[in-house]
Amino acid sequence: MDALPPFDVVRPRSLDEVIVARAAHGESRLLGGGTDLVVNIRRGIVAPPVLIDINGVPELRTIKADASAIEIGAAVTLAEVAAHPGVARHYLVVAEAAGHIAGPTHRNMGTVGGNLCLDTRCIYYNQSEWWRAANRHCLKTTGTVCHVAPKSRSVCFATFSGDLAPALLVFDAEIDIAGPAGRRTLPLADLYIGYARQDEPVTQTRGDGKYFLALRPGEFVTAVRAKNTPGLRSAYDKIRIRRSIEYPVTGVAVALRRDGDTLADLRVAFTGTNPRPVRLSGTAALCGGPLDARVLAGLDALVRDQIMAMKTTFTPGHYRRRVAGVLARRLVQRLFEVAY
Amino acid sequence: MARLLSLTLNGRARTDAVSDNVLLLDYLREIVGLTGTKTGCDGGECGACTVLVDDRPLLSCLTLAARAEGRRVDTIESLAVDGRLSAVQRGFHEKLGSQCGYCTPGFIMASAGLLRRNPRPSEDEIREALGSNICRCTGYVKIIEAVQHAAKLCADGLSP
Ligand SMILES: Cc1cc2nc3c(=O)[nH]c(=O)nc-3n(C[C@H](O)[C@H](O)[C@H](O)COP(=O)(O)OP(=O)(O)OC[C@H]3O[C@@H](n4cnc5c(N)ncnc54)[C@H](O)[C@@H]3O)c2cc1C
Ligand code: SF4
Ligand code: FES
Ligand code: FES
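So the protein sequences, as listed, match chains A and B. For the first sequence, my numbering begins at 1 and goes up steadily by one. For the second sequence, my numbering begins at 1001 and goes up steadily by one.
Please note: incorrect hints may appear among the correct ones.
[What the hints assert, rightly or not] A short, non-exhaustive set of chain A residues, derived as facing chain B with CB atoms under 10 Å:
id : residue
1  : Leu4
2  : Pro5
3  : Val9
4  : Gly34
5  : Val39
6  : Arg42
7  : Arg43
8  : Ala102
9  : Thr105
10 : Arg107
11 : Asn108
12 : Ser244
13 : Ile245
If you are wondering where the hints come from, they were derived from the structure by calculation, not from laboratory data. Positions of the beta carbon are idealized from the N, C-alpha and C atoms, including for glycine.
With these hints in hand, go ahead and build the complete structure from the sequences.
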């Protein structure tokens, strides 16, 4: 018996061919490294009839990074990002995030586009067909309830856990999208619509763990890019159950600027907590003075307000939220103190 | 859809009719009949299925066979020449880097990939390069010693 259900693979050689293939096959999925998609196909979570393998498209395989800007094509691998000298030199947080995803062999396969569009995860979702059927499935697939929040009334809380998104969000990155209606560019933050508010219905602009990307039918990501901000120091840190082959319990990206003894700019973003990567809002109010107890308490309060604590992973939600706060605080202190 | 897949497998060019939905792992084991590459977790979590594609370690359980088109694929069967073990194989044998052996082909291919691009790795570099592989038996210490030993054998002229 075949391990995977039948599907056809299309292997376009140019960006235009990808657009045509995507328009021709409505139910198709893009295939990057397959480290997420192939697992989900094997578990019967998704069953696309056509996969569009974008690894042979030269326009999607370019990477540029220098003191002024960074631009990475969707089919560049995580290993290539982590090893790129310009990324490591000017966008350390991006290199660190890419270099600590899954394990080294996974990073030879996994792509930037696949990482940014990584499916959200949940202990009731990332399971075999048999396991999910025994539990009568859930909202994110074919079921009618959410097992994490049975009273949620049609809201899914599955967690976004890609590591690159927070690292790019602290640079206010933008994402280039192509589709049947042409090209468009969005702030990366607007790609992610997994707000998952219990008190709000899921809409096209404010979704949940199931509808978590702002991509329209037939659209896909071609590149991500950002401008540098002079004087920013940045770094990435995350906690995992074990240090390799494992999704983050929580990952945090921090970028800050120090002027003498003053914290002049502070940007913090998380993954592994909510149905979207979260760029913490309200950090500007913490800037303008020294990095003292008031700032750290303020940071903690922002984390408590904006970081979700739903039990979608093996670690309890409140533990994840505390880890998020501790990681952010430590990283902010470290970056403030280092001689640059 | 089935189509012809042409690649260089363990140094030899070959062509097979392969369906689009066949994994590289199943192509190697079921179609070619090379069962040295192991199926462990089936889902990218153990590294038992590691093979080299153009010298880079990949997980064959998550790679479609079609992606090997035109490429060089090396499995554990490619390493020994005329019954003489390669440096990494000797390292694992002589330093007891293998116990039940199930994880061993994956560890050896990941190690061979490392030594092909970095013939003199530090201990940290070895640990890092083997970070996608899991072993239930050895406790890893012997595996690291095996790769260190293999690096010495390479310096004496053996191929990884
Ligand atoms: C054991 C294990 C551990 C892991 N640990 C981590 C971790 O620590 N951190 C982490 O971030 N990830 C982790 N991952 C997930 C994964 O390996 C990475 O996120 C990887 O970058 C995914 O990229 P890919 O190219 O393999 O994605 P694919 O599987 O090819 O695609 C993922 C999804 O994105 C879609 N897609 C792909 N490219 C595009 C595009 N250009 N535009 C629109 N949609 C697209 C696909 O259709 C699919 O839905 C882990 C995976 C495994 C198996
Ligand atoms: S959060 Fe609820 S609906 Fe979403 S995947 Fe988990 S159990 Fe399913
Ligand atoms: S069988 Fe491929 S990683 Fe486990
Ligand atoms: S030797 Fe048994 S799993 Fe590694």
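These are the hints, each one checked on the structure:
1. Leu4: holds, 4 Å
2. Pro5: holds, 7 Å
3. Val9: holds, 4 Å
4. Gly34: holds, 5 Å
5. Val39: Holds. Min distance 5 Å.
6. Arg42: Since the shortest Cβ distance to chain B is 7 Å, the answer is holds.
7. Arg43: Arginine 43 of chain A check passes; min Cβ-Cβ to chain B is 8 Å, inside 10 Å.
8. Ala102: holds, 7 Å
9. Thr105: Because about 4 Å separates threonine 105 of chain A from the closest Cβ in chain B, which is inside the 10 Å limit, the hint holds.
10. Arg107: This hint holds: arginine 107 of chain A lies near chain B, its Cβ roughly 8 Å from the closest one there, short of 10 Å.
11. Asn108: Where the cut-off is 10 Å and the nearest Cβ of chain B is about 5 Å from asparagine 108 of chain A, the hint holds.
12. Ser244: holds, 4 Å
13. Ile245: Cβ of isoleucine 245 of chain A sits 6 Å from chain B, so the hint holds.
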